[in-house]
Amino acid sequence: MIRDITIGQYFPTGSFLHKLDPRSKIILVLCYLVLIFACRNFFGLGLIVTLTLLFVAVSKVSFKLIFKGLKSIVLIIIFTSLLQLFYNDKGDILLEFWKIKITTGGVFTAIFMAVRICCLILVSSLLTYTTSPTLLTDAIERLLSPLNKIHVPVHTLAMMMTIALRFIPTLIEEIDHIMSAQKARGASLDTGSLTERAKALIPIFVPLFINSFRRAFDLAFAMECRCYHGGAGRTRLRVMKLGYRDAIAFAVTTIAIVGVILFNIFFKSVI
Amino acid sequence: MNETILKFEDVYYAYEGDEGETLPNAVDGVSFEINKGEFVAILGHNGSGKSTVAKLTNAMLVPQKGKIFVKEYDTSVEDNELKIRTTVGIVMQNPDNQIVATIVEEDVAFGPENLGVPQKELRTRVDNALKLVGMYEYKDYEPHKLSGGQKQRIAIAGVIAMQTECIVFDEPTAMLDPKGRKEVLAAIHDLRQKGYTIVLITHFMEEAVDADKIIVMNDGKIILTGTPKEVFTQSDLLYECDLAVPQVTLLSKAIKNNGINMPDDILTTDEFINAFTANIKQKRKL
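Here the protein sequences come in this chain order: A and B.
Under the numbering used here, the first residue of the first sequence carries the number 23, and numbering increases by one thereafter.
Under the numbering used here, the first residue of the second sequence carries the number 26, and numbering increases by one thereafter.
It is possible that part of the hints are untrue.
Subject to a maximum C-alpha distance of 25 Å in a straight line, what follows is the list of computed SDA-like cross-link-like pairs (lysine to any residue) [said to hold, decoys possible]:
#, chain 1, residue 1, chain 2, residue 2
1, B, 96, A, 250
2, A, 263, B, 166
3, B, 96, B, 272
4, B, 80, A, 236
5, B, 170, A, 154
6, B, 80, A, 263
It is worth saying that the hints were derived from the structure and are not from the lab.
Same shape as in the complex, but just chain A (with noise of 0.2 Å):
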């Protein structure tokens, strides 16, 4: 059942994004996230998503999968855009009956928002799809380290994400343990009114929680038996090197803001 959920997940393919440095990939992103907002007429939408098939190209994960990601928002992408068609009255009327109109300025929003939605989805799964969680973390502690001389603590933070990300297969197999062991007490958790469903949880949760804490001493014991004192004089196994392949997708990434900024000035803006 939670076994499903597929946000986050990772398929190594050994590509050429899951070569770049993880910290580098982040700040990429943000800059396209960014950029896909910034743009304003066609051109640049164009210039967009061709830039989002390239890498989705490039990360050689399936495109199945890939879409198959895209298809849990669908319903939001479409109520959104029916939602700009219907409400924006800017432009050429193009239909026009009872109480609803639709123009031109409405159906360019439309496409606009759908477009962006899907690149927006699309580039920002492809940083999970192409990184390992730890890696992941490992790059935002160092990003975010000069946040320490402001006294953040941001390896303690760094370690809870890299503890919960660790700890979430574990967790789930537990609670897979505990349904089936409460199932077999006589326990019907898909059967009943909601109230009596959400009732039936508890007896699933109590126990995890008690687990969880239990599991909570143990490895702070163990990590005490392995000499852990926070983040200060740490050494790390994986370094970061920044790469010829950053520099292409720096460089990749420069002449496509470059591009959307001349789009933006030599053409109307659609919306």
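Position chain B relative to chain A; hints supplied.
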């Protein structure tokens, strides 16, 4: 050669109850010495104080009375903590609860990373530790995809990577299936060959059969110390402490009680077969 690595001098420890009251002593006047390179098994049923002994060995707990020395370092002196924990490492019972990182090799690196080992040396330490427990091919795996025995071997590698000289195993096989248990015991025996000092805390008698020394605990006290042969021949005393002597030992004792001549100190199936066939052959000659 006989350098002492771990020394308990009349150690007492009592936990505090939920309401602040002192519970009866979990460890009650325990003294023993473990030399470098020895393989010592500490036997005891649940609640005999053997896990508390494990926590005392690397200053996770400090005795209320008595002294514990790891090499020359007193565990009650706070400044010695780092020295002690890089000498004595602990592998716990639950393999899931001692793995910190989301990737096998990162978890093995966790200890040395905390010690500030430079990156290059870190790499060789991690690789060597993983090779030693036979888990090198799994270095990029996520721990939750491994079996219990494999996870436990990762935990062992994590301790080895810290270059500890002594490893304390606190019931390392209690939560494993027979296959995992076999893997972990094989890894422990490998380490013994490599010269590590090993303290194996367990309630499985069979695991203690080839130890250099066995310490039997009951109610926080040591009731028996000696070689496996010396200890297992005292089956009545062991029975009183809720400990089961290996089945072959019991079997040969039963046969002896039926009037057939069998030695007292049979611990393994091989020894039993040898003694028993020798007996039969002798009978035939008569």
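Here's how the hints hold up against the structure:
1. B/96 / A/250: Within the cut-off at roughly 22 Å; holds.
2. A/263 / B/166: holds (23 Å)
3. B/96 / B/272: Roughly 37 Å separates the two Cα atoms, so the pair is violated.
4. B/80 / A/236: holds (16 Å)
5. B/170 / A/154: At roughly 15 Å apart (the allowed maximum being 25 Å), residue 154 of chain A and residue 170 of chain B satisfy the hint.
6. B/80 / A/263: Status violated; Cα separation ~40 Å.
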